[in-house]
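Asker: Each chain, letter by letter, is given below.
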Amino acid sequence: MEEFVLIAVAQLGRRASGSAIRDLLEGQLGERISIGGIYVPLDRLVGKGLLDATLAEPTAERGGRRKKLYRLTSPGIAALKNARQVQARMWKGLRLARETA
Amino acid sequence: MRRRPELPRIGLAILKLCLEKDQEEAITGDFSEAAAKGAFWAEMARSSPALLNHAFAKITRRTPMRPVLGAALLLPSTLLVVAGLAQGLLGVSALNDVMEPVNFIFGPIPIAGGLLGALILNVPAFATVRFEDGSLIARLDLRNRLANVTISVAAFGLGAAIAAYAVNENLQIHLR
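In order, the protein sequences belong to chains Z and U.
Numbering of the first sequence is given in our numbering, commencing with residue 17 and proceeding in unit increments.
Numbering of the second sequence is given in our numbering, commencing with residue 83 and proceeding in unit increments.
No wet-lab data here; the hints were simulated from the structure.
As the structure is a computational prediction, the values presented were derived from the model and not from experiment.
Every residue, glycine too, gets a C-beta built ideally from N, C-alpha and C.
Any given hint might turn out to be false.
[Unchecked claim] Not everything, but these chain U residues come out facing chain Z in the computed CB check (under 8 angstroms):
no.	residue
1	E107
2	A220
3	D223
[What the hints assert, rightly or not] A few chain Z residues that don't get close to chain U, going by computed Cβ distances all over 12 angstroms:
no.	residue
4	Q27
5	S33
6	G43
7	G46
8	I51
9	A69
10	G80
11	P91
12	I93
13	K97
14	A99
15	V102
Using the sequences plus the hints, can you model the full thing?
Answerer: Following this line, the structure appears as structure tokens:
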């Protein structure tokens, strides 16, 4: 889940709020994610230093409350690249295993 | 401009109770958007496991005062065990005599409550349990938590010593 959240933050850029990340992931994963649920991995990623959070301007739609906007930090970008490389290596190994079977 | 959505008071109170200050504004704002679509309580129900998770994190937030408070809570049981050992092993009853005026701190509630309170305050600082993706995940993180671990081990030790004493005094086996 955390990897998907990092990818969603990277895709959304400056619009990466909790609700926007949730909408994107719901669309991509095809499953419902609760409002409270999306902030659990987000808080964890902020705690790990992979994401940075700032508060946006308040809006009337949100009852005057501010959105939290997330962006990838340098370690976050590095972690995402590393995850992609690991996945690529593992998928390659899976294909080789199938061919030899 | 759209009408400012009103959140149900009970719902707002639940959110305030479960969420930490730095999360409260953003998450409550998301619930305001859900309320504008008439889906506030449906979202609350769907979010209940996550809200419990947030509440647990809020309760178990690490503070430097926990070991100090834990040590204070362990004081009655520590005095009880030390005085008991002094009298039982060395035959010294002076400590018991000195503590006579404050005998009320050796009741079951201060002793058991103190042990339990010290554990509740300190164990979550290095051991956490969370619900994630349908799995219950336990995590033990001992780095920089020596004081919390020490207080927790002391609480277990004191509890075990008091329990052993109570069993020995009250449940003696008599052979016929």
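Asker: Hint by hint, note whether the structure agrees.
Answerer: Hints, one by one, checked against the model:
no.	hint	in the structure
1	E107	5 angstroms, holds
2	A220	15 angstroms, violated
3	D223	12 angstroms, violated
4	Q27	19 angstroms, holds
5	S33	8 angstroms, violated
6	G43	17 angstroms, holds
7	G46	15 angstroms, holds
8	I51	5 angstroms, violated
9	A69	8 angstroms, violated
10	G80	7 angstroms, violated
11	P91	19 angstroms, holds
12	I93	23 angstroms, holds
13	K97	23 angstroms, holds
14	A99	17 angstroms, holds
15	V102	19 angstroms, holds
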